[in-house]
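Trainee: Work out the full structure, taking the sequences as your base and the hints as a guide.
These are the residues of each chain, in order.
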Amino acid sequence: MRAPIAIAGREVTRRVSTLGALARFFWDALGSFATLPQAGRRVAQRVFLNQIWFTALQAVPLVIVLSGLLSFLVISQAVRELGRLGATELLGTLMVVAIVRELGPLLTALAVAGRSGTAIAAELATNKVMGEVDALEGMGIDPLHYLVLPRLGAAVVSVFCLIVLFDAVAIVAGLTAAAANGMSPDRYFDIVLRSLAFGDAAVSIVKSVAFGVIIGTLPSFHGLRVRRAATEVPIAASRSVVGSIVAIFLSSALFVAVL
Amino acid sequence: MPTPLEFDDVVLPNASGTVCHFTVPPHQVVVISGPEDSGVGQLGRVALGLERPRRGRVLLLGEDISALPRAAALAFRRRVGYLPAGDGLLQNLSLHDNVALPLRFGTGLAERDIEGRIRIILTMLHLSDVGLARPAQVNEEQRRRAALARAVAFDPELVILEQPFDGLTDRVAAELLEVARGGVSAGGSRRTVFITGHDVPHLLRQRVDLRYRVVGAKLVREA
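If you read the protein sequences in the order shown, they are chains A and B.
For the first sequence, our numbering assigns the number 38 to the initial residue and increments by one for each residue that follows.
For the second sequence, our numbering assigns the number 1213 to the initial residue and increments by one for each residue that follows.
None of these hints come from the bench; they were simulated from the model.
All of these numbers come straight from a predicted model, not from anything done at the bench.
Just so you know, even glycine gets a beta-carbon here, dropped at the ideal spot from N, CA and C.
Careful: at least some of the hints might be erroneous.
Label-pair distances were calculated between CB atoms; the ranges are [stated by the list, open to error]:
{"no.": "1", "chain 1": "B", "residue 1": "Ala1287", "chain 2": "A", "residue 2": "Trp64", "range": "18 to 26 Å"}
{"no.": "2", "chain 1": "B", "residue 1": "Arg1346", "chain 2": "A", "residue 2": "Glu118", "range": "52 to 60 Å"}
{"no.": "3", "chain 1": "B", "residue 1": "Gly1229", "chain 2": "A", "residue 2": "Leu86", "range": "41 to 49 Å"}
Looking from chain A toward chain B, a few residues come up when the C-beta cut is under 7 Å (computed) [to be verified]:
{"no.": "4", "residue": "Ala76"}
{"no.": "5", "residue": "Gly77"}
{"no.": "6", "residue": "Val166"}
{"no.": "7", "residue": "Gly168"}
{"no.": "8", "residue": "Glu269"}
{"no.": "9", "residue": "Pro271"}
{"no.": "10", "residue": "Ile272"}
Mentor: Pasting the structure below:
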């Protein structure tokens, strides 16, 4: 009887300790901004822009396809079904609540976590295995300054921009779907814009920052946690994507409960 | 001028707990060699405060780096050139950008001055033609040359080299040692050079001022 309890206890302790290490890592990464040397800012900026290129700009086609298809499908069905019930007014609520507030940030964050989160974890894990992280430390360059901080910042900015893009494309694709099902563009915009409040945009912004922090922190944490074996690289990538997805869903649920 | 490097009854964190007590005098080339499990591979890391010894004290340019706060220790390390075992070049940067990294990060030099200095270093190490290549696109000798170029880019007074000559011919090893020394001064070489590795190429033995070897768990000075 004692053995299973002991095993469960050990597992809980391990997970809590990992969470503590993750929180400390995030705190250190944030705090490292204050100690970033003036000369190092130029270098960190370059890495930041590279990450924006990879995480935001290269993900634009994926986000457009995801958002366009989702919105087109949902709005097509909604116009048909709600029209039958004489409740097309609810289309705006559906667009704002389901797509702009919930699915937009969620799907964008999942796409970025799958695409860039794994890449960050694999890249940093490879840096570690190849001795590059030690070499940086040996040269007096803090890996938090050079590797983590630019990726964290870029993840937050990228997720925010991609969520804005997702919402914009969703509204335009929704218009196409509504028009294809016989609704005039004027009426569509009237319904959607009437339902859209400042609070919805604010929720989207808060979510984008939270998801960006998750995608910037978790993969970096798992990537830099490997030791010396190349076999740890795919494990780090897998842990980071699973952890990011769980964290994104959990925080999404938290937002629904709190906001 | 403080002693560049001093190991004061240091016990290395290897299995046998090798005891090290030695000094690297200014303008001298000092080599410590020994088998893989002797802890020789940890000397450079312990010297730079990247690894803690089990016991004893290391003074780097007169400072106990392990006692410094992290930010100060990082800033302090920028005064020392370091070539880690296995070169440690960043794979996603070109050789040129790898060499430029410590200059861009650790000095307030303008980009134009940095470019000028890198051009000279790359020419000196015969890397001008492959400057834009990534580490994976060049051979081992060129990678080692680039790693040395990075270590001496900001002209440090002390250079720590870990296994710098493994896999190189004696002629190339001698050439790289000369670059690490940075020419001659009244007291010997212009820079102080501390080398660790499994063995020293025969041709280089005459160019080294002090040689130690780890035997058992002790450091023995060689003639």
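Trainee: State for each hint whether it applies.
Mentor: Outcome of the hint check:
1. The beta-carbon spacing between alanine 1287 of chain B and tryptophan 64 of chain A, approximately 21 Å, falls within the hinted interval of 18 to 26 Å.
2. Between arginine 1346 of chain B and glutamate 118 of chain A the Cβ separation comes to about 55 Å, which falls inside the hinted range of 52 to 60 Å.
3. Taken as a hint, the range 41 to 49 Å holds for the pair glycine 1229 of chain B and leucine 86 of chain A, whose Cβ atoms sit roughly 48 Å apart.
4. Interface hint at alanine 76 of chain A: satisfied, since its Cβ lies 5 Å from the closest Cβ of chain B, which is below the 7 Å cut-off.
5. Of the supplied interface hints, the one on glycine 77 of chain A holds, with its beta-carbon coming within about 5 Å of a beta-carbon of chain B, less than 7 Å.
6. The closest approach between the C-beta of valine 166 of chain A and any C-beta of chain B is roughly 11 Å, which is over the 7 Å cut-off, so the hint fails.
7. For glycine 168 of chain A, the suggested interface contact is upheld, since its CB lies about 5 Å from the closest CB of chain B, less than 7 Å.
8. At its closest, the beta carbon of glutamate 269 of chain A sits 17 Å from a beta carbon of chain B; the interface hint therefore is violated under the 7 Å criterion.
9. Taken as an interface hint, proline 271 of chain A does not check out: its beta carbon lies about 17 Å from the nearest beta carbon of chain B, beyond 7 Å.
10. Using the Cβ-Cβ criterion of 7 Å, the hint placing isoleucine 272 of chain A at the interface with chain B is not satisfied: the shortest such distance is roughly 20 Å.
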